[in-house]
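Chemist: Chains as they are written, first to last, in our numbering: chain D, 1 to 138; chain U, 1 to 138; chain Y, 1 to 138; chain Z, 1 to 138.
Simulated from the structure, these hints should not be mistaken for lab results.
As the structure is a prediction and not an experimental result, all values here were calculated from the model.
Note that the Cβ used here is the ideal one computed from N, Cα and C, for glycine as well.
Check the hints yourself; a few may be wrong.
Here chain Y is said to cover these stretches of chain D; the calculated rule only asks that three of the stretch's residues, wherever they fall, bring their Cβ under 8 angstroms from a Cβ of chain Y [as the list claims (entries may be wrong)]:
id : region
1  : 8-15
2  : 19-28
Okay, derived cross-link-like pairs now, DSSO-like style, lysine-lysine, Cα gap no bigger than 30 angstroms in a straight line [what the hints assert, rightly or not]:
id : chain 1 : residue 1 : chain 2 : residue 2
3  : Z       : K2        : Z       : K69
4  : U       : K2        : U       : K89
5  : U       : K2        : U       : K69
6  : Y       : K89       : Y       : K2
7  : D       : K69       : D       : K2
8  : D       : K89       : U       : K69
9  : D       : K2        : D       : K89
10 : Y       : K2        : Y       : K69
11 : Z       : K2        : Z       : K89
12 : Y       : K69       : Z       : K89
13 : Y       : K89       : Z       : K69
14 : U       : K89       : D       : K69
Listed below are the residues making up each chain.
Number of protein chains: 4
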Amino acid sequence: MKEVVYTQRVEFGDCDPARIVWFPNFFRWIDAASRHFFIECGVPPWHQTEQAMGVIGTPVVDTHARFVKTATYGDVLQFHTSIAEWRGKSFVQRYRVMRGDDLIMECDEVRIFAGHRADAPGSIRALEIPASIRALCE
Amino acid sequence: MKEVVYTQRVEFGDCDPARIVWFPNFFRWIDAASRHFFIECGVPPWHQTEQAMGVIGTPVVDTHARFVKTATYGDVLQFHTSIAEWRGKSFVQRYRVMRGDDLIMECDEVRIFAGHRADAPGSIRALEIPASIRALCE
Amino acid sequence: MKEVVYTQRVEFGDCDPARIVWFPNFFRWIDAASRHFFIECGVPPWHQTEQAMGVIGTPVVDTHARFVKTATYGDVLQFHTSIAEWRGKSFVQRYRVMRGDDLIMECDEVRIFAGHRADAPGSIRALEIPASIRALCE
Amino acid sequence: MKEVVYTQRVEFGDCDPARIVWFPNFFRWIDAASRHFFIECGVPPWHQTEQAMGVIGTPVVDTHARFVKTATYGDVLQFHTSIAEWRGKSFVQRYRVMRGDDLIMECDEVRIFAGHRADAPGSIRALEIPASIRALCE
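Given only the sequences and the hints, what does the whole structure look like? Please build it.
Modeler: Rendered as structure tokens:
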């Protein structure tokens with residue numbers, strides 16, 4: 001199982017008046033870590049996959065996160081990212097966010113490979129997992 | 001069980017290149033809906049509760065969200081917010097996000113009432129649920 | 001000259017560890033105020049103008065902001081928005097951000113009506129000010 | 001004049017439905033570049049300067065930005081950061097944002113070293129430029 005580490009430094013503006021990371025920012029970084037995982041595995045950017053196979057991105061359909069320790073600005077976080085499970089039309093992407101040896105948060109997401117719906121412009125639908133992408137990520 | 005509705009219009013900049021809401025933005029709005037719930041119930045702002053009872057906010061320790069339908073800019077979303085469960089040192093805050101009759105997403109969070117730790121500046125700890133706050137929210 | 005007021009409440013997560021609005025958030029709200037101005041004037045959403053006249057949005061090419069007073073969470077801000085000047089291929093959009101009688105910040109932006117460039121996908125170009133849009137906004 | 005380069009990769013979620021960076025994100029990165037400049041010059045984090053000399057941060061009082069070329073996700077941007085001018089109670093921080101040889105945007109900010117006001121909790125005031133900080137940054 002491939003694991004890719006995405007590194008993110010926490011900035012002043014990422015923190016709230018309690019001086020800790022405002023939690024929605026973790027999801028910003030997790031989304032970047034998700035994309036970074038595919039890049040590191042050799043998957044092209046979504047505007048290329050859209051033309052090649054209709055994949056416009058990997059939207060999240062379900063996410064479950066647990067916040068273990070707080071982080072603040074100046075901290076450098078490592079997002080250990082992997083795909084824990086492949087399903088028919090979805091997959092589980094897993095993140096363990098570390099600050100050195102400390103576990104800061106962890107998250108399991110269900111994502112799909114999405115394409116535009118021909119019958120409803122602006123809407124999306126789940127595509128079969130593209131075999132070529134899965135092969136790059138395992 | 002009190003329910004408070006927080007209304008949010010989706011803006012252009014909330015949407016990503018796939019023209020749908022970039023999911024971390026839902027957590028921004030959920031956090032505002034959480035705060036809005038307490039305001040509507042009559043709980044003072046955190047800088048006042050900090051002085052009165054040491055409560056600096058209600059950080060999330062666990063969140064589970066399910067994304068059902070996409071939303072895009074121009075949509076007006078209603079965040080139906082309630083507290084589904086009170087525990088010893090935490091509570092479950094629940095959100096059902098609607099666009100009219102359509103369920104867009106739903107989310108269950110575990111939050112705590114946090115105070116500063118005297119022994120570790122910058123760190124926080126879970127306080128007992130303040131009875132005066134709970135009384136306002138039920 | 002039409003003026004439209006966009007109202008925004010400052011949330012906890014909009015503030016930084018100094019307990020004041022983190023300034024990039026003002027630009028998020030200004031962009032929403034800009035769009036809101038066009039909506040209130042009767043201009044259709046950009047995905048409709050894209051099909052009707054090739055306009056995909058009004059990106060900012062120049063912005064100058066002055067921050068006068070700080071704001072914090074719980075504050076309700078009014079973004080007084082107008083178009084101060086129409087030029088050949090650009091216009092000046094002006095914002096005065098008030099908290100009641102207090103001026104919080106003010107901003108002058110130069111924006112264009114942008115379309116896709118046929119010769120360079122992914123790039124944009126400035127279009128002539130659409131007369132139909134200008135007529136709605138004056 | 002010291003120049004520090006802050007590097008930032010543009011992520012999918014930083015882009016709007018026009019597939020280009022949503023401009024408020026440039027200010028998020030500029031604020032990080034500003035902080036990064038001080039860190040690289042050896043200035044301690046603000047929670048330390050607050051205790052040592054009352055400096056809680058360097059809020060922006062005026063900003064002027066010019067957007068020259070668009071950027072999109074996958075791009076890597078270099079924020080060339082310097083202090084162009086020192087004044088009595090403020091300074092001009094300058095950013096030239098490059099993508100390789102392409103100028104993407106440039107920005108001149110006026111910032112202050114801020115402290116809490118003793119007479120008005122929650123408000124801030126401009127401090128004299130701390131000589132020890134200036135010496136590190138020149």
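Chemist: Against this structure, judge whether each hint is valid.
Modeler: Going through the hints against the structure:
no.	hint	verdict
1	8-15	holds (count 3)
2	19-28	holds (count 3)
3	Z:K2 / Z:K69	26 angstroms, holds
4	U:K2 / U:K89	20 angstroms, holds
5	U:K2 / U:K69	26 angstroms, holds
6	Y:K89 / Y:K2	20 angstroms, holds
7	D:K69 / D:K2	26 angstroms, holds
8	D:K89 / U:K69	16 angstroms, holds
9	D:K2 / D:K89	20 angstroms, holds
10	Y:K2 / Y:K69	26 angstroms, holds
11	Z:K2 / Z:K89	20 angstroms, holds
12	Y:K69 / Z:K89	16 angstroms, holds
13	Y:K89 / Z:K69	16 angstroms, holds
14	U:K89 / D:K69	16 angstroms, holds
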